[in-house]
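J.: With the hints as your guide, set chain B onto chain A.
Listed here are the chains, written in short residue letters.
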Amino acid sequence: GAVVSQHPSWVICKSGTSVKIECRSLDFQATTMFWYRQFPKQSLMLMATSNEGSKATYEQGVEKDKFLINHASLTLSTLTVTSAHPEDSSFYICTGRPPGANVLTFGAGSRLTVL
Amino acid sequence: LAKTTQPISMDSYEGQEVNITCSHNNIATNDYITWYQQFPSQGPRFIIQGYKTKVTNEVASLFIPADRKSSTLSLPRVSLSDTAVYYCLVGDGGTSYGKLTFGQGTILTVHP
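Which chain is which? The protein sequence lines are A and B, in order. In this text, residue positions in the first sequence follow our numbering: the first is 1, and each later residue adds one. In this text, residue positions in the second sequence follow our numbering: the first is 1001, and each later residue adds one.
One chain only, chain A, in its complex shape:
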């Protein structure tokens, strides 16, 4: 089946630094990928839609200058959390939909802890 790989699976950083999370579709090409965020004991919240070759679209309340998304190829989308603060600590999950499928394939997630 379709596989989406995320890296790193967990990361700890100091407040004020930037962290990049990679999301790769290993066996399908994705013109669109989606980034979700999940706080402890809460559901997934859509942050943004990553579009290959064009700007990402962000959900209301998500700062585009803080959460930089780049989708430079059909198999790679990256999320960079800039100037991270402790409140950005969360579980970030990306997902994509293989062509012709009505089912999303999620990455394993990346847990960010900002000290």
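No lab work stands behind these hints: they were computed from the structure. Note that the Cβ used here is the ideal one computed from N, Cα and C, for glycine as well. Heads up, a few of these hints could be off.
Covered by chain A, per the in silico footprint, the following chain B stretches (three or more residues, Cβ under 8 Å) [as the list claims (entries may be wrong)]: (1) 1041 to 1050; (2) 1099 to 1110.
Footprint (simulated), chain B over chain A, 3 or more residues, beta carbon under 8 Å [claimed, not checked]: (3) 44 to 56; (4) 87 to 97; (5) 108 to 114.
Cross-link-like lysine-lysine pairs, in silico, DSS-like; alpha carbons within 30 Å at most [stated by the list, open to error]: (6) Lys1069/B to Lys20/A; (7) Lys1099/B to Lys64/A; (8) Lys41/A to Lys1099/B; (9) Lys41/A to Lys1069/B; (10) Lys64/A to Lys1003/B; (11) Lys66/A to Lys1099/B; (12) Lys1003/B to Lys66/A; (13) Lys1099/B to Lys1052/B; (14) Lys41/A to Lys1003/B; (15) Lys1003/B to Lys55/A; (16) Lys1099/B to Lys55/A.
T.: Using the frame of chain A, we list chain B on its own:
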């Protein structure tokens, strides 16, 4: 995007059948109903999808009444490893399909 409502939590015992019902009163004609399973610190994993009537695969069954305003995920003979959060989602499978609204999900706890 259709909103879904599920029970917040359910408890069961090993070997029992578990049925989780999801309400989606505003489901659109083109919407599919999809269930995902999520373990702690992992991304959601696809379980089953349907449009109408009944769908069965190797892990679950999905029952959808004629009006499609609800659906029931049935897990036969659950084991401890089925303890997870289960999400019901509806979407049309179009290019915006990943732009889904996750509800609270149902925390299923399976006891020995």
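J.: Could you run down the list of hints and mark each one as holding or not?
T.: Quick rundown of the hints versus the structure:
Counting residues of the region 1041 to 1050 of chain B whose beta carbon lies closer than 8 Å to any beta carbon of chain A gives 7, which meets the minimum of three for the stated coverage. With a threshold of 8 Å between beta carbons, the proposed coverage of the region 1099 to 1110 of chain B by chain A holds, since 7 of its residues qualify and at least three are required. Counting residues of the region 44 to 56 of chain A whose CB lies closer than 8 Å to any CB of chain B gives 4, which reaches the minimum of 3, so the coverage claim holds. Note: the region 87 to 97 of chain A has 5 residues with beta-carbon separation from chain B under 8 Å; the three-residue rule is met and the coverage holds.
Counting residues of the region 108 to 114 of chain A whose beta carbon lies closer than 8 Å to any beta carbon of chain B gives 3, which meets the minimum of three for the stated coverage. Restraint check: the Cα-Cα separation between Lys1069/B and Lys20/A comes to about 41 Å, which exceeds 30 Å; the hinted pair is violated. Taken as a hint, the Lys1099/B and Lys64/A pair is honoured in the structure, with Cα atoms around 17 Å apart against an allowance of 30 Å. Using a Cα cut-off of 30 Å, the hinted pair Lys41/A and Lys1099/B holds, with the two alpha carbons roughly 21 Å apart.
For the suggested pair Lys41/A and Lys1069/B, the alpha carbons sit about 27 Å apart, so the restraint of at most 30 Å is met. Proposed proximity of Lys64/A and Lys1003/B is supported: the alpha carbons are some 26 Å apart, at most 30 Å. Pair hint Lys66/A plus Lys1099/B holds up; C-alpha atoms about 20 Å apart against a cutoff of 30 Å. Between Lys1003/B and Lys66/A the CA atoms are separated by roughly 29 Å; this keeps the pair inside 30 Å, and the hint holds.
For the suggested pair Lys1099/B and Lys1052/B, the alpha carbons sit about 22 Å apart, so the restraint of at most 30 Å is met. Between Lys41/A and Lys1003/B the CA atoms are separated by roughly 20 Å; this keeps the pair inside 30 Å, and the hint holds. Taken as a hint, the Lys1003/B and Lys55/A pair is honoured in the structure, with Cα atoms around 28 Å apart against an allowance of 30 Å. In summary, the hint linking Lys1099/B to Lys55/A is supported, as the alpha carbons are separated by about 16 Å, within the 30 Å threshold.
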